[in-house]
Amino acid sequence: MKSRDHLIRLKRFQVDERRRRVAQIESMIADFARMVVDLDREIASEEQRSGISDPTHYAYPTFARAAVARRDNLKRSSDELKDQLDEAKGVLGEAQDELKKAESLDGRDKMPAIEAATRDMGLARLARA
Numbered sequence: 001m002k003s004r005d006h007l008i009r010l011k012r013f014q015v016d017e018r019r020r021r022v023a024q025i026e027s028m029i030a031d032f033a034r035m036v037v038d039l040d041r042e043i044a045s046e047e048q049r050s051g052i053s054d055p056t057h058y059a060y061p062t063f064a065r066a067a068v069a070r071r072d073n074l075k076r077s078s079d080e081l082k083d084q085l086d087e088a089k090g091v092l093g094e095a096q097d098e099l100k101k102a103e104s105l106d107g108r109d110k111m112p113a114i115e116a117a118t119r120d121m122g123l124a125r126l127a128r129a
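If you're matching positions, the sequence shown starts at 1 in full-length UniProt numbering and goes up one per residue.
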C-alpha cells in the first residue's frame with residue numbers, strides 16, 4: 001500500500017508541475033500580448049509625430065522601425081509559446097489520466113478492506129444481540 005500511496009503522491013506532484021507550466025506559458029503569452037499592444041501604440045504615436053507612416057520611406061523614424069521589429073519578434077515568440085502551450089496541455093492531460101488510473105487502482109485495493117470491516121461490524125452487532 002505504501003508504494004501505491006507514493007505513486008499517487010508522485011502523480012499528483014507531476015500534475016501540479018504540469019499545471020504550473022501551463023499557467024506560466026499562459027502568463028507569458030498574455031505579457032507578450034500586452035507588450036505588442038504597447039508597442040503598437042508607441043509606433044502609431046511616433047508615426048503621427050513624424051507625419052510618416054510608410055516604413056519604406058527613407059525618413060521613417062528609427063524608433064518606430066526598431067519598435068516594429070521588436071513587435072514582430074514578440075508576435076513570433078507568442079506564436080511559438082502557443083505551440084508550447086498546446087503541447088503542455090496535452091502533457092497535463094496525460095498526467096491527469098495517469099493520476100486517475102493510480103487513484104482508481106488504490107480505490108479498488110481499499111474496497112476489500114472496507115467490505116471486510118463492514119462485514120466484521122455486522123457480525124459484531126449480531127454477536128451482541
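Keep in mind that a hint or two might mislead.
[Claimed, not checked] Computed cross-link-like contacts, DMTMM-like style, restricted to lysine to aspartate or glutamate with a CA-CA straight-line distance of at most 20 Å: (1) Lys-89 - Glu-17; (2) Lys-82 - Glu-26; (3) Lys-101 - Glu-17; (4) Lys-75 - Asp-86; (5) Lys-75 - Glu-103; (6) Lys-89 - Asp-38; (7) Lys-75 - Asp-97; (8) Lys-75 - Glu-87; (9) Lys-11 - Asp-72; (10) Lys-82 - Asp-5; (11) Lys-101 - Glu-26; (12) Lys-100 - Glu-26; (13) Lys-11 - Glu-94; (14) Lys-75 - Glu-98; (15) Lys-75 - Glu-26; (16) Lys-82 - Asp-72; (17) Lys-82 - Glu-94; (18) Lys-101 - Asp-5; (19) Lys-100 - Asp-16; (20) Lys-11 - Asp-79; (21) Lys-89 - Glu-26; (22) Lys-75 - Asp-5; (23) Lys-11 - Asp-97; (24) Lys-11 - Glu-103; (25) Lys-100 - Glu-17; (26) Lys-89 - Asp-79; (27) Lys-82 - Glu-42.
None of these hints come from the bench; they were simulated from the model. From a predicted model like this one, the values you see are computed outputs, not experimental measurements.
Comparing the hints with the structure gives:
no., hint, verdict
1, Lys-89 - Glu-17, "12 Å, holds"
2, Lys-82 - Glu-26, "8 Å, holds"
3, Lys-101 - Glu-17, "18 Å, holds"
4, Lys-75 - Asp-86, "17 Å, holds"
5, Lys-75 - Glu-103, "41 Å, violated"
6, Lys-89 - Asp-38, "28 Å, violated"
7, Lys-75 - Asp-97, "33 Å, violated"
8, Lys-75 - Glu-87, "19 Å, holds"
9, Lys-11 - Asp-72, "39 Å, violated"
10, Lys-82 - Asp-5, "35 Å, violated"
11, Lys-101 - Glu-26, "28 Å, violated"
12, Lys-100 - Glu-26, "25 Å, violated"
13, Lys-11 - Glu-94, "11 Å, holds"
14, Lys-75 - Glu-98, "35 Å, violated"
15, Lys-75 - Glu-26, "14 Å, holds"
16, Lys-82 - Asp-72, "15 Å, holds"
17, Lys-82 - Glu-94, "19 Å, holds"
18, Lys-101 - Asp-5, "13 Å, holds"
19, Lys-100 - Asp-16, "14 Å, holds"
20, Lys-11 - Asp-79, "30 Å, violated"
21, Lys-89 - Glu-26, "11 Å, holds"
22, Lys-75 - Asp-5, "44 Å, violated"
23, Lys-11 - Asp-97, "10 Å, holds"
24, Lys-11 - Glu-103, "9 Å, holds"
25, Lys-100 - Glu-17, "16 Å, holds"
26, Lys-89 - Asp-79, "15 Å, holds"
27, Lys-82 - Glu-42, "25 Å, violated"
Consistency note: the structure conflicts with the earlier hints numbered 5, 6, 7, 9, 10, 11, 12, 14, 20, 22, 27.
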